[in-house]
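Novice: Listed below, chain by chain, are the residues.
Number of protein chains: 2
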Amino acid sequence: MFEIKSKDNMGRVGVLKTKHGNVKTPALMPVIHPRKQAIDVGKYGADIVITNAYLIYKDENLKQKAIDEGLHKLINFDGPIMTDSGSFQLSVYGDVEITNREVIEFQELIKTDIGTSLDIPTAPFVERQKAEEDLEITLKRAREAVDYKKEKNMEMLLNSVVQGSTFLDLRRKCASELSKLDADLYPIGAVVPLMESYHYKDLVDVVMNSMSELADDRPRHLMGAGHPMIFALCVAMGCDLFDSAAYILYAEDDRLLSVRGTYKLENLTEMPCSCEVCSKYTPDDLRAMSKEQRRDLIAQHNLYVSFAELRLIRQAIYEGSLMELVEERCRAHPALLEAVRHLGNYSEDLEKYNPRSKKSAFFYTGPESLYRSEVIRHMQKLRQMPKKKNLVILPPNRKPYSKFFSGKLGDFYIYGDEKDCDLENTDFMVLDIPFGLIPLEIDELYPLSQNDAPKIHDVDSIEFMEDFIYEFIEYYDQVLIHYKVNDNLELGLLNKYSKSDEIRYVKNDISKIKAIADYQFGFGAGEALFSGNINIEKSKKTGKIRHIYDGKVLIVNMRASDSFLILSKEGAKRLHNAMNYPQNRVVVNKDAEPFALDGKSVFCKFVTDCDDNIRSNDEVLIVNEEDKLLGYGKTLLGSCEIKEFDSGQAVKTRKGMKK
Amino acid sequence: MFEIKSKDNMGRVGVLKTKHGNVKTPALMPVIHPRKQAIDVGKYGADIVITNAYLIYKDENLKQKAIDEGLHKLINFDGPIMTDSGSFQLSVYGDVEITNREVIEFQELIKTDIGTSLDIPTAPFVERQKAEEDLEITLKRAREAVDYKKEKNMEMLLNSVVQGSTFLDLRRKCASELSKLDADLYPIGAVVPLMESYHYKDLVDVVMNSMSELADDRPRHLMGAGHPMIFALCVAMGCDLFDSAAYILYAEDDRLLSVRGTYKLENLTEMPCSCEVCSKYTPDDLRAMSKEQRRDLIAQHNLYVSFAELRLIRQAIYEGSLMELVEERCRAHPALLEAVRHLGNYSEDLEKYNPRSKKSAFFYTGPESLYRSEVIRHMQKLRQMPKKKNLVILPPNRKPYSKFFSGKLGDFYIYGDEKDCDLENTDFMVLDIPFGLIPLEIDELYPLSQNDAPKIHDVDSIEFMEDFIYEFIEYYDQVLIHYKVNDNLELGLLNKYSKSDEIRYVKNDISKIKAIADYQFGFGAGEALFSGNINIEKSKKTGKIRHIYDGKVLIVNMRASDSFLILSKEGAKRLHNAMNYPQNRVVVNKDAEPFALDGKSVFCKFVTDCDDNIRSNDEVLIVNEEDKLLGYGKTLLGSCEIKEFDSGQAVKTRKGMKK
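So the sequence lines, in the order shown, correspond to chains A and B.
If you count by the working numbering, then the first sequence holds residues 235 to 893, one letter each, in order.
If you count by the working numbering, then the second sequence holds residues 235 to 893, one letter each, in order.
I should point out that these hints are in silico values taken from the structure, not numbers from a laboratory.
A couple of the hints might just be wrong.
Because identical chains share one entry, a pair is satisfied inside a single copy or across any pair of copies.
Stated by the list, open to error - The calculated PhoX-like cross-link candidates involving lysine-lysine, where the alpha carbons are at most 25 angstroms apart (straight line), are: (1) 593 with 414; (2) 277 with 514; (3) 730 with 621; (4) 435 with 689; (5) 239 with 498; (6) 633 with 498; (7) 435 with 718; (8) 834 with 862; (9) 270 with 633; (10) 786 with 892; (11) 239 with 253.
Full structure from sequences and hints, please.
Specialist: So, in structure tokens, the structure goes:
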């Protein structure tokens, strides 16, 4: 029903399968008015639409036509259609003339693709008691709907809406309860007032708390969200579907949507985008038109920019640059920037879903970037890493740093008292933004070289580097700090190291590959993988390590783009021997065993367990429940998702052990 | 020849008049290849194009056709055409087969609209001697071209190119020398290598140093700049024209331009914008096409996005949100962010050109925003302001702050020893981002209330506020700091003020209007304007001050949108009496005197002097050279421009003193 094609942070490109066709997500469902629709939204890019079943139900003519000819004929759209129940009307008028069962039954009857139960939209910032009472009803009706669908063997997919107002524990509770039901999609409801009042920070709390408990294998729909300004942020938090009447409501009011906010036609001297409407007409042209003609053209513009933004977001997910897009888009309004800053508090949640390697480089766009999950992840790894006796801290040069350090490095200051520095027992690290300290041995690993930041630092960056130094000096016997680092950060160290001339960074390929293996697979992996008669083959063109053998037996390949190690059969065996269960493992049940042994890919439904540290694009071992090695491959999802999904691939197997 | 319509920082919307029509600037001139042009650029938004006179000259067929039928027929474009000389070829091949005089003569002969002398493009980072030698030739040829044009009474407009490599003093010298000549446009040359290598910070230096000496009344053209990613930044620095073959060169290489950078078609899964091409085709569609068809469509996309960006930039200038756009665009690449941070060092230059009041609010987008010229300007004003004995520092609440402070304000801490606080002799200020300290009496003035910043502060903002406090406590006898300010900034003050209950902000309309007048017109203006039987009329709807009278005689109106004071005849007289020459004055010569007295607008060419502090949109006095008051009105340009321009309006006169 729903499959993930590509991921970035909690954002995903997916495919939602319905009986009227597939929809690529993230997607926007324009609201179609069943009686007075003027715009053919399919013409401007809509693959799926939403309309209101209750409005149809309430109108005798529409109702009869929908029952006789079906919903798709009624609104003249032959792709997938979602229907809302009367919840919106309920929230506005306080009452509706339909029961939960009736609206479920009616939606199935008119052949909607996705129907919705009659939830209670609870506004933000209400009294807690109100929110709790509403939530009870919402949950009861969601359960009733799922049961009723099963009982009547209905064809339509079913929405179960997350409510709970701005009480985050209620949102989590609701999401958790709904995830136990067999609903097909999860809308997150009653967030429109937050967006209308620029409470984007609260929106982040509501969405992230809902997401934390929602099953990952179903699409999530941010109800009523239709302003392209917030799409990127909401996708990064895990939203797959948006719906909105904004395109036409704004058009009726002479307002143009944009990723930069909203433009009132009366304030425009120039048209603000590259779409057909903006390229063909001037604001004066539009102002001179009839109300209706103008409304249609502005609605077209609104649809063009909304669908363009969703294409750009999907492209960003494919490249792995979604957060760069989010951090760019948030400059449209200080409240959005505040929301993105607030999202930094959820970095550990985002990290769980974030692939370890991406096609595009990490761009630092401002202090917010220091809280991205790539940074948090590196900091965690660095803290866990076994430390040598001494630490040498170097200033950044060109990347990869390790390539450009040789010979005499310049003067060093000592942190603490001078002792003799045993270079053999010394970690060499570069201090830089955004990754703090980068050990030279692993600096070619994504994203430690594949990143860029302005050379003019903001104070957050400077404090970030200082904090790193003050934390790391505690882990070492002696710390030598390069004079440039001392000068730039104004550390005020006065004690020069007397033997600075002797400090050299000596490249050692064996140490390097071991360090990379430890960083990638966990500490101990390096020793285990690279024992015996180690033989390193490098690219003649670039000088980079490509293949690593024990004698003539291949252990691993090193991928040029991100320096990640790709296991061979021998490498997989060694890793399996050395690392304890469940490290680096995806565990499959008996049924899947022969397929895995044969080198066939592993599907989620056969996975019984997996290492919590696994992220998508990781190189992993495939084992059975007795930890017998069956094969090895590359994950397509993270551990959270692998455990939850019932359909789709979990691991693209490189090789089965049988072969 | 060139008129300014609207301004924001150093960016301007202007009109360039040529014999083939007017061009709205900032504009992009697509490069037309005289022999093999495939794209009809006019169809996709080009109002002006550029082509190469030397290439035409070198090809016997083209040359003859151009001489016989004219350039416009030759390249099939009937709008304005600029021609480049052989400078580019000179820089690539080291030599050209044409002299400066010949190329000037030829360009006039083929009826170009704007011709160019044969300058020497000196690459960035060359030896100083080379740059100096080249510059001598460039200047000699520029002078020769101007003289030759005059001698032959040529019709075409003439470019004089600023060179000087990356030596900023040479750029300034060149710009200064050229400004003395009677050339019509100033291209800034040899910057392409800086842009290609992402040396945007150096580009800022080169452009800002050239601009500082270039005459303001001529369009400036950033030669070879054609990537929409940098348009906003360059416009904010004063560039009016861009030219580029990028649209077609990138298209030939399957690369799509975007304000976010460049997309390679091979990496695209989705089309990245809202243009006709991106809405109609998928990347797969394009990949399946013939090379030529694909190139044409990508070139169209490239033109659509480039012209859309220029429209958006012009719109941003009209609204006064150009810097918000620049700060958004710079997230496309860390080197661009670095450039914008570096531009903060030129804030005082930008300030001179920046209107004092704008239609749109000031949005804080990151630490860069603290260096915007609005902030620098407020800091200057605040430092000059006469101080009372005590200072009370309050935390921000809703804006305008003064509206929401009443009654007991909460606890205060004392900076220094406790003394009795005379509330009559106390300045009340709010501490907030981005304006630091905002005196409550003037907080309704643009942009002190018309701004927004995220509530989650970066460390630059926190230090900025702390610096304000530490500076301002020095100016006062006693400083009381609200407990929230003390807590938020962790100032660590322990000494509570014992009479906190007595601290109240008492609104006083008379103090308020005097403070506003002092802030707007200079200190002393308040006392001078508001003497006599002051009578304040407020809006019944909003409660805001609208009109201020002495008895029944109107002195000023207060504009609702930005709280600026608009002088009446009486107000103008009082201001003129009180403030010394040349404060608040635009001085016109004898010829203009009767017109000004009659209330006719003042044209730049009649202005002989003006107050250096005048910015566009200021309310000013119009006087003759004996300082006789002739009228009063609103400036359309800043003092720098008023002094330099020979055409166009300087002041839109509200009233002449005769009437």
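Novice: Does each hint fit the structure? Answer for all of them.
Specialist: Quick rundown of the hints versus the structure:
In the homo-oligomer, the alpha carbons of residue 593 and residue 414 never lie at most 25 angstroms apart, since the shortest distance is 36 angstroms inside one protomer and 52 angstroms across protomers. Taking the shortest Cα distances, residue 277 and residue 514 sit within 25 angstroms of each other both inside one copy (18 angstroms) and across copies (10 angstroms). Proximity of residue 730 to residue 621 under the C-alpha cut-off of 25 angstroms is restricted to the intra-copy arrangement: shortest distance 23 angstroms within a copy versus 48 angstroms between copies. Taking the closest pair of Cα atoms, residue 435 and residue 689 come within 25 angstroms of each other only across two copies (10 angstroms); inside a single copy the shortest separation is 30 angstroms, beyond that limit.
In this assembly of identical chains, residue 239 and residue 498 lie within 25 angstroms of each other by CA distance solely across copies; the values are 21 angstroms between and 38 angstroms within a copy. Proximity of residue 633 to residue 498 under the C-alpha cut-off of 25 angstroms is restricted to the inter-copy arrangement: shortest distance 23 angstroms between copies versus 46 angstroms within a copy. Taking the shortest Cα distances, residue 435 and residue 718 sit within 25 angstroms of each other only across copies (21 angstroms), while inside one copy they are farther apart (39 angstroms). In this assembly of identical chains, residue 834 and residue 862 lie within 25 angstroms of each other by CA distance solely inside one copy; the values are 16 angstroms within and 94 angstroms between copies.
For the homomeric pair residue 270 and residue 633, neither the shortest alpha-carbon distance inside one copy (59 angstroms) nor that between copies (41 angstroms) is at most 25 angstroms. In the homo-oligomer, the alpha carbons of residue 786 and residue 892 lie at most 25 angstroms apart inside one protomer (21 angstroms), although the nearest pairing across protomers, at 102 angstroms, exceeds that limit. Taking the shortest Cα distances, residue 239 and residue 253 sit within 25 angstroms of each other inside one copy (20 angstroms), while across copies they are farther apart (57 angstroms).
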